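Protein chains: 2
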Amino acid sequence: MIQKVIIIGCGNVGYHLGKRFHEVGVEVAQVFSRKLEKATRLGLSIDAAYTDSLAAIRTDADLYILAVWDSAIEKVQATLAKQLPETALVVHTSGSCPQTVFTAFQNHGVFYPLQTFSVARSANFEIMPLCVDATQARHIEALEALARRIAPNVYRITDEQRSKLHVAAVFVNNFSNHMATIAHDITEREGLSFDLLRPLMLETALKIQAHEPRKVQTGPAVRKDESTIQRHLDYLQYDRQLQELYTLLTKSIMR
Amino acid sequence: MIQKVIIIGCGNVGYHLGKRFHEVGVEVAQVFSRKLEKATRLGLSIDAAYTDSLAAIRTDADLYILAVWDSAIEKVQATLAKQLPETALVVHTSGSCPQTVFTAFQNHGVFYPLQTFSVARSANFEIMPLCVDATQARHIEALEALARRIAPNVYRITDEQRSKLHVAAVFVNNFSNHMATIAHDITEREGLSFDLLRPLMLETALKIQAHEPRKVQTGPAVRKDESTIQRHLDYLQYDRQLQELYTLLTKSIMR
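Residue numbers (my numbering), protein chains in the order written: chain P, 1 to 255; chain H, 1 to 255.
Don't read these hints as lab results, they were simulated from the structure. Every value quoted in this text rests on a predicted model; they were computed, and no experiment measured them. Check before you lean on any hint, since a few could be wrong.
No distinction is drawn between identical chains; accordingly, a pair holds when it is met within one copy or between any pair of copies.
[Unchecked claim] Subject to a maximum C-alpha distance of 25 angstroms in a straight line, what follows is the list of computed DSS-like cross-link-like pairs (lysine-lysine):
no.: 1; residue 1: Lys35; residue 2: Lys251
no.: 2; residue 1: Lys75; residue 2: Lys215
no.: 3; residue 1: Lys215; residue 2: Lys35
no.: 4; residue 1: Lys75; residue 2: Lys224
no.: 5; residue 1: Lys35; residue 2: Lys224
no.: 6; residue 1: Lys82; residue 2: Lys224
no.: 7; residue 1: Lys215; residue 2: Lys38
no.: 8; residue 1: Lys224; residue 2: Lys4
no.: 9; residue 1: Lys215; residue 2: Lys4
no.: 10; residue 1: Lys38; residue 2: Lys75
no.: 11; residue 1: Lys19; residue 2: Lys215
no.: 12; residue 1: Lys251; residue 2: Lys82
no.: 13; residue 1: Lys4; residue 2: Lys75
no.: 14; residue 1: Lys251; residue 2: Lys75
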């Protein structure tokens, strides 16, 4: 059973995981950030020791969670390996990084909250899926048990599945958010308030909570309303790339 | 003051407007649908007369709301003109149709709820923006007063503004929904549950309720994570058009 956790990285993911563990009574023994200020802030708020030195990481935790950028995982695990026992259980929180990144540990896994975090917003663990995996069956079970303490929706997801899920997540989150950015730019260009469109974005997301997105698709593309599409393209003449994007998205819906 | 309304068209928009008017005590005298079943269902539920014949539309209403497809507006108003007084106030609910469509009436306008409706979901008028316009100042005021009876967020939006707002709305709603459709297809292809991604879509929308979308953009494109982008493109090899879309969206975020 995992009772004592150490969190490496106090960005959006590490911050919210630390807060949540503390909230449900899982002991976070220590937190690390390269920025002492971040480690201090999180550590103090959840009764955890804090440090900005990987060499100062304690060696007695049941689980080490690497909540760092994908590009840093390999280096951080290699550095940790200098002091942690070879058998330590080490996981990362990445949606796209394969477990082969753990070259220095035999017991490794993934603890991936499928959500978009920001320190400014509280995280809703009640609805957030948590995806776990590990090399050993007993570690998968232990991670699942830990995950269920903080969130009801826990899935075992292999590296292979996770890498594909991440592509889908990019469409759902990153690209949808970019659609909102483009809309924001248009309202700004026209001197209109983006508040006019915020409720529409919310309703779009609420609708697919209960429906298959394809079945609730609306708009000029799906009803093949060529004259509206042409008017929209005429308007977008000020930005050729945007026009191209509109065309491609319309074609993709029409298929 | 507008006291008696007739609704032409009982699709998603007409249905929810009718329900809402009735709820707040605005008299809906009559509803029309080409499909008698639809007119009957709405009419009975809001104490309104119902018909499937435009020739049977009453001539004594303060406002005629055309909640029909964009492509049908011109023909419907021309047909109505045969029996309604030339001075009748006639509006449509379209996001993109210019008022020049009203060739047969001098007093016309727009009553455009900026939201995506479906009969299966209740409509939240508390957060939905209502955009109004008309040829006469007194009609604008009357439409604004009527709109405020059903929704707190009322905007006066000209044809010019509305046509641009509609382009932005297509990005926010239609294209975001399509992003969810693509994600859904990926989960289906991989034998994963789309429930894994529903909370992410909701959080994406909730985030921009309080933030400018550009400022909360995350993902491989915005952090210029070329290796993740390449892995995603490799995965999408099964569909060249999808690959092209991913590339264009990524470029657009990177700008």
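Going through the hints against the structure:
Taking the shortest alpha-carbon separations for Lys35 and Lys251, neither the intra-copy value of 46 angstroms nor the inter-copy value of 31 angstroms comes in at or below 25 angstroms. In this homomeric assembly, Lys75 and Lys215 never come within 25 angstroms of each other (Cα to Cα): the closest approach is 45 angstroms inside a single copy and 29 angstroms across copies. Taking the closest pair of Cα atoms, Lys215 and Lys35 come within 25 angstroms of each other only across two copies (22 angstroms); inside a single copy the shortest separation is 47 angstroms, beyond that limit. For the identical chains of this complex, Lys75 and Lys224 are inter-copy neighbours only, at 19 angstroms across copies versus 51 angstroms inside a copy, given an alpha-carbon limit of 25 angstroms.
Only between protomers do Lys35 and Lys224 lie at most 25 angstroms apart by alpha-carbon distance; the minimum there is 22 angstroms, versus 53 angstroms within a single protomer. With identical chains, the CA atoms of Lys82 and Lys224 are never at most 25 angstroms apart, being 62 angstroms at best within one copy and 31 angstroms at best between copies. Within a single copy, Lys215 and Lys38 get their C-alpha atoms only as close as 44 angstroms, which misses the 25 angstroms cut-off; across copies the closest is 20 angstroms, which meets it. In the homo-oligomer, the alpha carbons of Lys224 and Lys4 never lie at most 25 angstroms apart, since the shortest distance is 57 angstroms inside one protomer and 35 angstroms across protomers.
In this assembly of identical chains, the alpha carbons of Lys215 and Lys4 never lie at most 25 angstroms apart, being 46 angstroms within a copy and 35 angstroms across copies at closest. Proximity of Lys38 to Lys75 under the C-alpha cut-off of 25 angstroms is restricted to the intra-copy arrangement: shortest distance 20 angstroms within a copy versus 64 angstroms between copies. With identical chains, the CA atoms of Lys19 and Lys215 are at most 25 angstroms apart between copies only, with a shortest distance of 24 angstroms across copies and 38 angstroms within one. Proximity of Lys251 to Lys82 under the C-alpha cut-off of 25 angstroms is found in neither arrangement, the shortest distances being 53 angstroms within a copy and 40 angstroms between copies.
Taking the shortest Cα distances, Lys4 and Lys75 sit within 25 angstroms of each other inside one copy (23 angstroms), while across copies they are farther apart (71 angstroms). For the homomeric pair Lys251 and Lys75, neither the shortest alpha-carbon distance inside one copy (43 angstroms) nor that between copies (29 angstroms) is at most 25 angstroms.
Checked against the numbered hints given earlier, the structure breaks hints 1, 2, 6, 8, 9, 12 and 14 and satisfies all the rest.
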